[in-house]
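Chemist: Each chain, written out:
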Amino acid sequence: MTAAVRARGFITVALFPAVLLFAFFVIVPVFWSAYYGFFDWKGIGAAKYIGFDNYAEVLQDQIFWLAFKNNMIVVAASVFGQVPIALLLALVLTKSTLFQRFVRASVFMPMVLSSVVIGIIWGYIYHPQIGILNFVLERTGLEHWKMQWLSDPKISMYSLTVPIIWNYIGPYMLMFIAALQNISPEIDDAARIDGVGPARKLISVKLPMIWDTVKVAVVLCISGSLKAFDLIYVMTGGGPAHSTELLASYMYNNTFNVFRFGYGSAVSTAIIVLSLVLIAGSQFLMKRDYR
Amino acid sequence: MEGSLSLGSGARGRGPVLRRRFGELVIRLALALYALVTLYPLIWLFLSAFKTNDEFHSKPFGLPGQWSFDNFGRAWEVSAMGTSIVNSLLVTVLALVLTLVFGALAAFALARFEFRLKGFWMGLFLLGMLIPVHSTLVPLFILMKKTNLLDTYAALVLPYAAFELPLAVFVIAAFLTSIPKEIEEAALIDGTGYWGIFLRMMLPLSLPALSTVAILGFLRFWNDFAFALVFISKPALKTVPLSLSVFATGYSTDYKLTMAALSIAVLPTILAFLLFQEQIMKGMTAGAVKG
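These protein sequence lines map, in sequence, to chains P and R. Start counting the first sequence at 1; every next residue gets the next number (UniProt numbering). Start counting the second sequence at 1; every next residue gets the next number (UniProt numbering).
Worth double-checking, as some hints may not be accurate.
27 angstroms max Cα-Cα, derived DSSO-like pairs, lysine-lysine [to be verified]:
| # | chain 1 | residue 1 | chain 2 | residue 2 |
| --- | --- | --- | --- | --- |
| 1 | P | K146 | R | K59 |
| 2 | R | K145 | R | K234 |
| 3 | R | K145 | P | K42 |
| 4 | P | K227 | R | K282 |
| 5 | P | K215 | P | K201 |
Worth flagging that the hints you see were computed from the coordinates, not collected in a lab.
Work out the full structure, taking the sequences as your base and the hints as a guide.
Modeler: As structure tokens, then:
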């Protein structure tokens, strides 16, 4: 047995289990859901082939597009809420003193909690009668600001963005801190010798140098907007009147509450396509060099 | 660093130094306030767990009049917490073992060997990171129904490991690439086979990467809600987040019980976070940069 053959044998054996598991549970389902999208199926009984009907329906489905809009609200809240706050925190938290480490840990803490826990806690905070938010508003004389935070369809989606932002600032902050610490001290020194002020240094030196990290953050915001499913499921279930429906919750409701497995599959496929398009699009938009 | 510099050029006078000190104080106060606001929902959660239902909304900000530990016992029973914790632990550990073993093997093959399809497999794993987890729920549900996997531990363990593999492969491979090739060549000349190199050199050397993957996996698996919601319906197999979700509806009016159950459930992850803080934060950054 030659060395090359032995190496090839080892590579195959080493790679095989991971590839098999990964392909079977991550890659293949993508194609399965595309395939099931062609059927009218209630989960039991025979599936009926209906061609592109489900996909055509998805495209004309107003609730689907409402859910898409809500997902975009989550993306916008993440990109314009989490990224700037995280960047600001990172700029003042680059040192490793005890105090700074404490603040970092606090900001990061929500990340380690289950989204079910977060959903229930924030459900109580927003609760119209017993919630602490309305309690505070009442006690501070802002009674007319009291609201049905989660059951008023006009504001419920915006109410939900707050726990989402709160939940996920931590990792972005860490990414930015890591990126800022990677800027070599010489560049910092050079800028100081040239008499560059802090604001100017931020815009002309620091931001361009961590632009790649910002790009990664935006991609993560987009793909992360779908993770909000658990939170929505626990807090509002997508209601009232679909006002907080996200693509994932809409897919879930269609499949497991209304038992339209074919349609749910078509929605799943649409989610994959849309998120890949969004990620590619955002990469393209930020491609030109930051100046 | 900046402070010492301006002290050195003391000829400029005390004004700027004092102003900087004041600015730093303001930033510190703002940061402390921010940390407090971020942590508050958690503090409120733990305090509320000791209160009576009446106190819960009559004095939401106060300390409990009497610290009633009974809440925890009752919550433990009502939510069948014992069973859920055992289930969560089992599923988490099994999924971690799969992720680490398969991930390390694949990473070793991809990081230390040159072969024709290397780029393809790397690309496949990278693609896996972009596929939204929730969009695979329907096809995976159908797949598992057909293979009789629904309502088994495997229904959670296999997809958990599969979705964590990309991160595991990238983090471990990145780490392994930095180990000099000579070590391996020397071992080969000494007659150690690839398995020997993998088990006796690469695994021990990549311990930091492995522990990062393990901690991130622990948090992800322990907190997962979506997969458990769809693939598990037997009460005896429920994981912690799934059992908690009944509090979102069923017991939602018994606040003290809900808060006590949530407190019990978040304790393990908070302890893990406090113990492995540095590692978790490093891991998050490593994970994010690969995205």
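Chemist: Are the hints correct? Go through all of them and say.
Modeler: Hints, one by one, checked against the model:
Proximity of K146/P to K59/R is assessed by CA-CA distance (about 18 angstroms); at most 27 angstroms being required, the pair is judged to hold. Our distance criterion of 27 angstroms between C-alpha atoms is met by K145/R and K234/R, whose separation comes to about 14 angstroms. About 13 angstroms separates the Cα atoms of K145/R and K42/P, which keeps this hinted pair within 27 angstroms; it holds. Distance hint between K227/P and K282/R is fulfilled; the C-alpha atoms sit about 22 angstroms from each other, no more than 27 angstroms.
Distance restraint check for K215/P and K201/P: the Cα-Cα separation of roughly 20 angstroms lies within the 27 angstroms cut-off, and the hinted pair is therefore satisfied.
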